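Q: Sequence:
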Amino acid sequence: MVPTNAEHFTWQLQSNTWQCNVCFGNPIFQEKHVTRHEQSRGHTTAVTRYIDEMNRSNSQAILNTPQGVIEHPPPPPTPDFSSDFALDSLILQARTGILNPTVPSPSHRASVIPRTHTPAPPTPPAPTVDIAITEHHSSRETLQDSRRVVIEAVQNAIDKFVNNSDESDDEVYGDIEEEPVVGIQIDQETTPALPTTSSRSNRKGPQRGPWSPWPDRISCTIDVASRIPRSVMSDLDKDVSLWLLSENGVPNVPSLWELKQISANVESYCGMNMKRHTGSMGHTYYVLQPSSHVEMDFANPTVRAQMEFYPEKLDGQPMSRASQAQRWLEEMDGDYLTPMYRKGGRDFYVFEPTLLDNGSVVMPTRFFRMGSSNTMWFDAWPVTPLSGQNGWLVDEEHSYSLHVQELSLSGDDLWSGALLGVHLPPIRNLLMKSYEDAREPFKPWDRPFLNPWRLKAGGRRVFSYPMWLYCDDTSGNRSKKWNEHNSFLMVSACLPREAAHREVNVHFLCTSNAAPPLEMMEGIVEDIESSQKDGIWVYDSVLHEMVLVVVWVLALLGDNPMQSEFACHAGLRSKFFCRVCWVKGKDTDDMEELIVGGGRSETEDGLIERVLRFMKVGRKRTREQSLETTQEMLDNVVLLETQKKNNDLRVKTGVKDTFLNFFLDKIEQRRKNITDVEERENVTARVLNTMPRNVFNLNPHQDTPVEILHVVLLGYVKYFWRDAIDRLSDPQKVTLKHRLSSLDLSGLDPAASSLRGQTLVQYAGSLVGRDFQLIQQVAIFALYDLLDERILSTWAALSALIPYLWQPQIDDLEAYLIDLQDAIDHFLECTAHWTPRWFNKPKFHLLLHLPAHIRRFGPAILFATEVFESFNAVIRAWSIHSNRLAPSRDIAMHAAHLARIRHFLSGGYFRVKGSEEPDTFEWLTAGAEVLRLGQEPSVVTRRIGLFREPPRAPGITRRSKNTGAVHWDKTQSAQHAPVPDVPHDLTQQLFRFGKEACIQNLDIVQVGSFVILCSGNPLEASIGEIIEILTPALGSLFSDSDGPSYVLVKEYEPGPLVPPYSMPKLILKGYAFVPLQELACAVNVQHNCAQNRCDLSKSRIVRMEREDTTQTEPETRHRNVDDRVLNISKIRDARFLRKFLPKPVRRDREQLVRDSVRRELDL
1192 MVPTNAEHFT
1202 WQLQSNTWQC
1212 NVCFGNPIFQ
1222 EKHVTRHEQS
1232 RGHTTAVTRY
1242 IDEMNRSNSQ
1252 AILNTPQGVI
1262 EHPPPPPTPD
1272 FSSDFALDSL
1282 ILQARTGILN
1292 PTVPSPSHRA
1302 SVIPRTHTPA
1312 PPTPPAPTVD
1322 IAITEHHSSR
1332 ETLQDSRRVV
1342 IEAVQNAIDK
1352 FVNNSDESDD
1362 EVYGDIEEEP
1372 VVGIQIDQET
1382 TPALPTTSSR
1392 SNRKGPQRGP
1402 WSPWPDRISC
1412 TIDVASRIPR
1422 SVMSDLDKDV
1432 SLWLLSENGV
1442 PNVPSLWELK
1452 QISANVESYC
1462 GMNMKRHTGS
1472 MGHTYYVLQP
1482 SSHVEMDFAN
1492 PTVRAQMEFY
1502 PEKLDGQPMS
1512 RASQAQRWLE
1522 EMDGDYLTPM
1532 YRKGGRDFYV
1542 FEPTLLDNGS
1552 VVMPTRFFRM
1562 GSSNTMWFDA
1572 WPVTPLSGQN
1582 GWLVDEEHSY
1592 SLHVQELSLS
1602 GDDLWSGALL
1612 GVHLPPIRNL
1622 LMKSYEDARE
1632 PFKPWDRPFL
1642 NPWRLKAGGR
1652 RVFSYPMWLY
1662 CDDTSGNRSK
1672 KWNEHNSFLM
1682 VSACLPREAA
1692 HREVNVHFLC
1702 TSNAAPPLEM
1712 MEGIVEDIES
1722 SQKDGIWVYD
1732 SVLHEMVLVV
1742 VWVLALLGDN
1752 PMQSEFACHA
1762 GLRSKFFCRV
1772 CWVKGKDTDD
1782 MEELIVGGGR
1792 SETEDGLIER
1802 VLRFMKVGRK
1812 RTREQSLETT
1822 QEMLDNVVLL
1832 ETQKKNNDLR
1842 VKTGVKDTFL
1852 NFFLDKIEQR
1862 RKNITDVEER
1872 ENVTARVLNT
1882 MPRNVFNLNP
1892 HQDTPVEILH
1902 VVLLGYVKYF
1912 WRDAIDRLSD
1922 PQKVTLKHRL
1932 SSLDLSGLDP
1942 AASSLRGQTL
1952 VQYAGSLVGR
1962 DFQLIQQVAI
1972 FALYDLLDER
1982 ILSTWAALSA
1992 LIPYLWQPQI
2002 DDLEAYLIDL
2012 QDAIDHFLEC
2022 TAHWTPRWFN
2032 KPKFHLLLHL
2042 PAHIRRFGPA
2052 ILFATEVFES
2062 FNAVIRAWSI
2072 HSNRLAPSRD
2082 IAMHAAHLAR
2092 IRHFLSGGYF
2102 RVKGSEEPDT
2112 FEWLTAGAEV
2122 LRLGQEPSVV
2132 TRRIGLFREP
2142 PRAPGITRRS
2152 KNTGAVHWDK
2162 TQSAQHAPVP
2172 DVPHDLTQQL
2182 FRFGKEACIQ
2192 NLDIVQVGSF
2202 VILCSGNPLE
2212 ASIGEIIEIL
2222 TPALGSLFSD
2232 SDGPSYVLVK
2242 EYEPGPLVPP
2252 YSMPKLILKG
2262 YAFVPLQELA
2272 CAVNVQHNCA
2282 QNRCDLSKSR
2292 IVRMEREDTT
2302 QTEPETRHRN
2312 VDDRVLNISK
2322 IRDARFLRKF
2332 LPKPVRRDRE
2342 QLVRDSVRRE
2352 LDL
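Residue numbers (my numbering): 1192 to 2354.
Among the hints, a few may not be true.
Cross-link-like lysine-lysine pairs, in silico, BS3-like; alpha carbons within 25 angstroms at most [what the hints assert, rightly or not]:
#: 1; residue 1: K2161; residue 2: K2241
#: 2; residue 1: K2034; residue 2: K1807
#: 3; residue 1: K2334; residue 2: K1807
#: 4; residue 1: K1775; residue 2: K1857
#: 5; residue 1: K2032; residue 2: K1777
#: 6; residue 1: K2260; residue 2: K2289
#: 7; residue 1: K1624; residue 2: K1634
#: 8; residue 1: K1647; residue 2: K1766
#: 9; residue 1: K2289; residue 2: K1924
#: 10; residue 1: K1811; residue 2: K2032
#: 11; residue 1: K1807; residue 2: K1775
#: 12; residue 1: K2330; residue 2: K2241
#: 13; residue 1: K1775; residue 2: K1835
#: 14; residue 1: K1836; residue 2: K1766
#: 15; residue 1: K1777; residue 2: K1835
#: 16; residue 1: K1811; residue 2: K1775
#: 17; residue 1: K2034; residue 2: K1777
#: 18; residue 1: K2034; residue 2: K1843
#: 19; residue 1: K2330; residue 2: K2260
#: 20; residue 1: K1775; residue 2: K1451
#: 21; residue 1: K1836; residue 2: K1775
#: 22; residue 1: K1843; residue 2: K2032
#: 23; residue 1: K1504; residue 2: K1534
#: 24; residue 1: K1777; residue 2: K1811
#: 25; residue 1: K1807; residue 2: K1836
#: 26; residue 1: K1807; residue 2: K1835
#: 27; residue 1: K1807; residue 2: K1843
#: 28; residue 1: K1777; residue 2: K1766
#: 29; residue 1: K1836; residue 2: K1777
#: 30; residue 1: K1451; residue 2: K1466
#: 31; residue 1: K2186; residue 2: K2161
#: 32; residue 1: K2256; residue 2: K2161
#: 33; residue 1: K1775; residue 2: K2034
#: 34; residue 1: K2256; residue 2: K2330
Each pair of labels, with its calculated beta carbon distance range [claimed, not checked]:
#: 35; residue 1: K1534; residue 2: P1442; range: 54 to 60 angstroms
#: 36; residue 1: F1640; residue 2: K1466; range: 55 to 61 angstroms
#: 37; residue 1: E2244; residue 2: K1843; range: 55 to 61 angstroms
#: 38; residue 1: K1843; residue 2: K1672; range: 34 to 40 angstroms
Hint data in this document are derived by calculation from the structure and do not stem from the laboratory.
Just so you know, these numbers come straight off a predicted model, no measurement behind them.
The C-beta atom is built at its ideal place from N, Cα and C for all residues, glycine as well.
Whole structure, please, built from the sequences with the hints as guidance.
A: Dropping the structure here:
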C-alpha cells in the first residue's frame, strides 16, 4: 500500500518497508501499517509543523538528510541540471530532508539487480555531499543561490567519485544486497540544528548544545518536570501541560508522542540496564541491575568524590563510617575488598609475593587506611625461603602491618624476573603449611601466583563497592486496600552517613506484587555474582579513567519480618523467635494443666526462666546450621516422609525457608494422588531439578543488623505510649494533652516548634515513627504524676538509652559499648520490674544484639532505615500512575527515568561516540544550561533532592536591626564576665547585640537558649544559658568578617538526679564569656514540674486557620522557674550528652525477675 503523500516517506526496497521522514526518529513501518501511521495524530502534527517550517523565509535552513537504505539501479548517467523544473525539484527535496532517488512503485519493488557469478570486490565509499543553503528575504534569490550550491556540490562529488574509482560499474554495484550504496549523506557536524520540531526529529546523536542531551529547552524542562518523585505526571497531565504551553504562545511545543520519543532517545545515552527475570517460582519481574547504579555512582563526580574504598583502622579516631567497623575491616576476604594499591606507577595486589625496601618478601592480605594519620598501610604475611625445599613458605600464622612506603617490587615484577641482580632465589614455588599429613609438612600454595584481578584489570585500577541492600513491602494503592509490593533498594556503603541517608543516593532495584523477596533476590544476586567474577567496568569521574569495580553486600536491611525471611527464619512468633541466636520463647514443656477451664498455663518457674533467657544473648546461629536443617527437610521429602516431620523440625529449630517450602509443597501437590513409589520418586526428582541452590553468599543471621527504627521507636516507644494512654482516665487524658502542648521543644529538633497534644493522645494508635521520636524525648515530663512509679522508671531508663542509639559518631568504641550494654541491661531490668508480660514481645530481646552489630557495622544510625521507608511513598506514586498491568516493569521504568534525570542534572558523565574517530568513545556531561538547572535552587531540584538550602556557616551572627553600636562598658558582659575570660583588646571596641547565631552543629540559637560549651573533648563539656551575644559593630547584618563574636552565658553544672525523671538538676556555677565557636550544640532543658507541683492555671489563646480566636485553653504555669532539669533523652548530638548520662545501678537480676513474676501471678 502506497502512502497518500509519498514525498513524506522513503521506500526501503531491501526490507520492503516505508520510512517516515517527518516524524521524530524517522520510524519504519511495514506496508500494511503505513496508512494507519499517516492518519495518526502524531504524524499529522509533524507534517503541519514541517510545512510551517518550509514556509518560513527568515531563518537559517539546515539539511539533515536521513540515510535511507535504497536499492539502486545500474549507475545512472550524470544528472542534467539544464531543466529548471528538475533542479528546483532536487532543491525542494534537499530542503525537505528527503534528498533520495525516486521512490519505486510497489509494482517495481521486486525488481533487483542480477547477481554476478563472481564475488564482487569491496564497494568504494559513496560520495558525500555537504550542502548548506542560506535562505534570504527573497524566495527567488534563495532559489537561484540554492541552484548554484547544489550544482557545484553534486558535480564536485561526482567528479571526485569518478576520479577515485578504478573499479568497473559491475564491481561497484555488483552485489547490492550485501553492500547497499547510499547516494547522499548530509554532514551533520558542520550544520547547526534548527530550533524546530523537524530538527529535533532528524537528530541522530547527542547535540553538543547548552541543552544537550536534549535538543532544546522545552523538551528538557518538560521531561525533567514529569519525573519528579512524589509528583508523578500521568500522560493526561503531560498532555494538559503541553496544551497549556501551546495555548500561551510558546513556539515549537512537542506533542506527547514526540516527547516520549525524545525521552527514549535521551535514555539511550545514559539509560539503566533493566533485565527481565522469570524466577524459580514462575513469577516474572524486572530488575534495574545493581551494576548500572554502580556505573552511575562512579560517573557522577558529586557522588564519587565522597566515596571511600579502603577499610580504616580507628587508631584512636572516632567511628562514624562502616569502613571503620569489623565486618569491612577484618572479616571480608581481601579479594572482595579493594585488592590493590598504586604506588609510583606500580600496582601492588593482595595475595601476591611482594618485595619490600629492606629486601624481605611479604604477601599483602589487605590494604587499609590508618585513621590517626590518614595514611595507607597494609597487613601482610611473611614469605621466607625454605632451604632444601626449593620454594618459599607463606606463613599465615603471623601477620603484621606495614606502611605502603615500604613497598618496592610487586608480584608482577617478581614474576617477570625483576629479582635478577638481587641476592635472593627466584620466587616461583610458593608453599604453605599442611596440617593434614604429618609426613608432608608443606603443600603447594592454593592461590595463583598473580592475583586474578591484576589480569582482569589489565593495568587499570580496581575498587571495591560494598552496598546496603534493603527490602520492604508497601502498598501500591491510593486507598487503604492493601496491594503488597515487595521492593528492593540499595545505597552505597562507601558514602558517609550524611550522603547515604539522602534520598537522591538511594537506588531502586526491583519490585513485584507477585514474586516473594527471595525469588526477586535471584535476579539481584545474579548481577552481583557476575561482578564478583569479572568486575564492572565504569568511568571514574574523579580520576577520569576506566576502572574495574567489585560489588558485594555489606548487610541486609529491613524490618524484622523481612530480615527473618532473609535468614530463613520462622519469625518473631515462633518458639525460637530470634534470627541471631538460639534463645527460646514460650514452650509447652514449661506449662501445666489448668484445673479450672482446661488448657495449659505457664508455671512460675517456667516464666522466670523464660524472662531470664530473654535478658541475655543465646548461642549464635550459623549459616551452616540453617543449611543443614534445610537439607534435612529436603531429604525428608525425597525419602517420602510425612509433612509433619518437617513441621516438627521447623518448630524445633525455628528454620523456615519460604523458598524451599514452595518446592516442597509443589512436590506434595504433584504426588498427592500417586501411589506408585517409583513414580513418586520421579516426580520428586523432576521438581527438585527446577529448584536453584543457595542464593546467599553471606551469613544472614549475623548480617541482618538490629534496626532501631522498628525495634525502638515502632517497638518500645509505641508499646509504652499506647499502654500509657490506655491506663489514663478521661480527665487525665485532658491534662496530658495540655501538658504536651505546653512543653518547650527548643534544642530538640529544628523542625519541631510545638507538640499537638490533642493528636498525640486521641490518635495514639495511628502515629508514625516521626511522632514517636518526639514523644520519647519529652513524654516523661508530661506523665510524671499520671503513672505508677515502676512505669515511670522504665520510661526514664528508655530516655537514658536513646542517646546511645542515635549517636552518629562514637569517640571511644570500647568505652561506648560498655556504657551501651549497661544502659540496655538497666532498661530490661526496669521493664522486668514493671511487668514480665512485656517479654512476650521478642523485640525486647533483639536489642541485646545491637552492641555486636555496632562493632561489626558501625553506629546504629548508619543502618537505620528511615530514608528507605520514605522512598516507599515514591514507589507508591509510581504504582498509582500506572495501568497496573505490568507493575514491576512500569515502576522500574519510572525509577530508570528518575535516575537518568538526577544523573544529568547533577553533572554525571555519559558515553557517546567520538566526534573525530568513529570507533572511539568520549565521556561528556550535559550541556551548560542543564547543569545550571541542577545547581540552582528551584522547586524541581528541591523535589528531586539535588538542592538543599545551604546552612549558615558556624560563627555567623545575625545582628539586631534596631540597636546601635555600644561600647564594651554598656554591655552585660562588662558587668558579669570573669576578667580572665575577656581579651584585653575587646574592652576598647564597639559592639552590637546579636539576635541569633549559628553554632558548631549548625543549630540556630538566641538569647535564652541552653547550649553545650565544648572546645574539644565532649567529656569536658559544660552547660550554659545564653545571656548576651556580642558581635563587632562594623560589617553587614550577617557577617563575622570584622572579628569573632562572643557570648555571655550562665554556666551550669549537673546536680543530683531528679525523680521521677532520673535526669540531672542544673546548678548555677557562674558566668562565662566564651567565643561563639565554643558553642557545640543546643540542648533541651525542662522545668522541674514534678517537685514544684506546677498546674494548668495559665491560659493561652487558641489559634485556628492561622488566626487568633476568642477561645482559650489551659497552659502550664511554672512555679520556681529557675528549677530546671537537663533533658538527656535528646536524639540529636547525643555524643555531647554522654558526660551527663546517669550511670545505672545494677541490681540482682534473678531476684528482681522472681519478685516481679510473683507479683504478676498474684494479680
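Q: Within a Cα-Cα threshold of 25 angstroms, do K2256 and K2330 meet the stated pairing?
A: holds (14 angstroms)
Q: Sort out whether K1766 lies within 25 angstroms of K1836, counting only the CA atoms.
A: holds (17 angstroms)
Q: Given the hint that K1504 pairs with K1534, does the C-alpha gap stay at or below 25 angstroms?
A: holds (20 angstroms)
Q: For the pair supplied as a hint, K2260 and K2289, is the alpha-carbon distance within the 25 angstroms limit?
A: With Cα atoms ~31 angstroms apart, K2260 and K2289 exceed 25 angstroms; violated.
Q: Between K1843 and K1672, is the Cβ distance one that fits in 34 to 40 angstroms?
A: Roughly 38 angstroms apart at Cβ, these two residues keep to the hinted range, so it holds.
Q: Taking 25 angstroms as the top limit, are the C-alpha atoms of K1777 and K1811 close enough?
A: Status holds; Cα separation ~19 angstroms.
Q: Next pair to validate is K1647 with K1766; report whether the Cα-Cα distance is within 25 angstroms.
A: violated (49 angstroms)
Q: Would the pair K2034 and K1807 pass a check requiring their Cα atoms to be no farther apart than 25 angstroms?
A: This hinted pair holds, its Cα atoms lying about 13 angstroms apart.
Q: Below or equal to 25 angstroms on CA atoms is what counts here, so check K1836 against K1775.
A: holds (20 angstroms)
Q: For K1843 and K2032, compute the direct alpha-carbon distance and say whether it is at most 25 angstroms.
A: Given pair K1843, K2032 holds - Cα atoms ~20 angstroms apart, limit 25 angstroms.
Q: Do the alpha carbons of K1777 and K1835 lie within 25 angstroms of each other, as the hint requires?
A: holds (21 angstroms)
Q: Would you mind confirming whether the straight-line C-alpha gap from K2256 to K2161 stays at or under 25 angstroms?
A: Not OK: K2256 and K2161 at ~33 angstroms, beyond 25 angstroms, violated.
Hint violations for this structure: numbers 4, 6, 8, 20, 25, 26, 32 and 36, all remaining hints satisfied.
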